[in-house]
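Colleague: As a plain string of letters, each chain reads:
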Amino acid sequence: MPGTVHNLSEHSLIPAAAGIGLRFAHHELVLQARPDVAWFEVHAENFFGGGAVRRVLENVRRDYPLSLHGVGLSLGSAEPLDGEHLHRLAGLVRSIEPGLVSEHLSWSVVGGQYLADLLPLPMTEEALDVVCRHVEQAQAALQRRILIENPSTYLQFRHSTIPEWEFLAALAQRTGCGLLCDVNNIFVSASNHGWDPQSYLQGLPAAAVEEIHLAGHAVRVLDNGSTVRIDNHGACVAAEVWALYVQALRRFGARPTLIEWDTDIPAFEVLLDEASQAATLMRAVAAEDHACAA
Amino acid sequence: MPALLELQLALRGRLFAEASSADDAPSLDDALLAGEDSALRLAIYRNTCMSALVNALRLSFPAVQRLVGADFFEAAAQQFIRASLPTSAYLNDYGADFPGFLSHFAPAAGLVYLGDVARLEWAVNRALHAGDALRLDLTGLAGLDEAALSRVSFTAHPAVTLLRLESPADAIWRSVLEQNDAAMAAIDLTGGPVHLLVERDAAGVQVRRLGAAAWEFTAQLCAGRPLYAVLAAGRHAMADAWLAEHLAAGRFVQFYVVAPSAGDSRL
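Line by line, the protein sequences are chains P and S.
Everything in the first sequence is counted per the working numbering, starting at 1 for the first residue and increasing by one.
Everything in the second sequence is counted per the working numbering, starting at 1 for the first residue and increasing by one.
Everything labelled a hint here was simulated from the structure, so no lab data went into it.
Because the structure is a prediction, the values reported are computed rather than measured.
A portion of the hints provided could be inaccurate.
[Unchecked claim] Stretch by stretch, here's where chain S covers chain P in the computed footprint (C-beta under 8 Å, at least three residues):
(1) 62-74
(2) 171-179
(3) 219-232
(4) 244-257
(5) 262-274
[To be verified] Listed next, the stretches of chain S that the computed footprint assigns to chain P, with coverage defined by at least 3 CB atoms under 8 Å from CB atoms of chain P:
(6) 41-49
(7) 86-93
(8) 129-137
(9) 247-253
Beta carbons are placed, not taken as given, at the ideal position from N, Cα and C, and that holds for glycine.
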């Protein structure tokens, strides 16, 4: 049967090590060269169809731990989830048996139309109820726990009443979902809204954080002279984000850490270098723990 | 304070309204933090949403973009997107109506074959991303009696599309993607119509030209007309060979027996 993958148990778990977001540009290279990468993550929606790309995914899955990262479920939509989308995701999860499945604290669908971006939610009790309901529905359909990623945002709403980190903590507590802590997103949103990134990290329940994302961002000066940081996944991880990553490791412990790059995708070696830097920091923080214990 | 649904509908209006006719959604203005700054920040989302969708169309219609140029393509795509946002987050399914839009897009009226090239690219996109399907297992036919056999229809592989196009769009498509100006210049633009079969095999997506009779035979089978009826109506001398080739190529994934009275309803 097409789509069957063997020996899943060997590579099922995502290790607490540095992985790389696999994009089309590097499919051939990974298949041919089998680079030394601890694990890969892919965008689930890119593999909803069949054909050659699906064969690539099955091939990668045979040799590497694999995580599925959804970008289109729109858990924050006031309207019901798209059942067909959830069905397709469930089919992919069944066939690939990924080590982790994650989605976003955001919305993209309204009036039955997909707006093609991860849009910000007001942090209200109503939104929390909606997201909890949808996360529970998704976890039931996928028959597994999922991780929810903190978003990068440029807008805030006046009627928000819950700090974003408390919203995520409540979501994890109420639904049993895990959290994907995107350190770059914390830095971007904190800069854009004047939040304290340390408070954000402290506010997340450490036991729920099962994965970390790192990526580069852009800095843009708006027409009125104010500065906004844009989460474009189009650069090396910023120095401030590496520093915040160290804080995250101290708070959460070693966690699977992903390097993401989606705009102007560079040579694969650049991603390997970023992953190697994350691994070095993970080892350094682990050594601190040893020193403290000794 | 707007309810979540009201807020999301208002944001959609703002994200996809023409810049000149900025949607008036007072509930949104009241909901957003910081006046002038929020409009500029909203524009970041506007750009991201629109460029993600234009990009999705660009990936599915590369030859159309080469034919009209990047700027023209972007303008046409933006107009299409504002009128027909995707209904699913699976963007490989987005753009089925773009060929029809282009056929009636007045600024492109001079390129009479543009809609046909877009139709072909949509079929290629479909073939590229269609789900995998098992090969047709014919052994089940042995259990059918004569009456049932006479009503057997086939389900085509989801990657298969049959196109009858007025212009030689396959030749145009190939030479455009290969950037072969000499081949492009040699195309007889009045040399249509062409009868095409688009499919996916082990080597990738294939665009094949069929003869008019073979195409008609295949199109009827793919549309679910019972094999016996197609054979009886067409008196095709080559039908055996065509059918054998379709089966060998895995173009059908399932057979079913049509109900005797209702010509096309499935059991």
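Colleague: Does each hint fit the structure? Answer for all of them.
Modeller: Hints, one by one, checked against the model:
1. For a cut-off of 8 Å, the count of residues in the segment 62-74 of chain P with a CB near a CB of chain S stands at 4, and the three-residue condition holds.
2. Counting residues of the segment 171-179 of chain P whose beta-carbon sits less than 8 Å from any beta-carbon of chain S gives 0, not enough to reach three: the coverage restraint is violated.
3. Counting residues of the segment 219-232 of chain P whose beta carbon lies closer than 8 Å to any beta carbon of chain S gives 7, which reaches the threshold of three, so the coverage claim holds.
4. Requiring three or more residues with a Cβ within less than 8 Å of a Cβ of chain S, the coverage given for the segment 244-257 of chain P is violated, as only 0 such residues are present.
5. Here the segment 262-274 of chain P counts 0 residues with a CB under 8 Å from a CB of chain S, which misses the bar of 3, and the coverage is violated.
6. A stretch counts as covered by a chain when three or more of its residues have a beta carbon under 8 Å from one of that chain; for the segment 41-49 of chain S and chain P the count is 6, and the coverage holds.
7. Residues of the segment 86-93 of chain S with a Cβ under 8 Å from some Cβ of chain P number 7, which satisfies the need for three, so the listed coverage holds.
8. With 6 residues bearing a CB less than 8 Å from a CB of chain P, the segment 129-137 of chain S meets the requirement of three and the coverage assertion stands.
9. Coverage of the segment 247-253 of chain S by chain P is violated [criterion: at least 3 residues with CB-CB distance below 8 Å; count 0].
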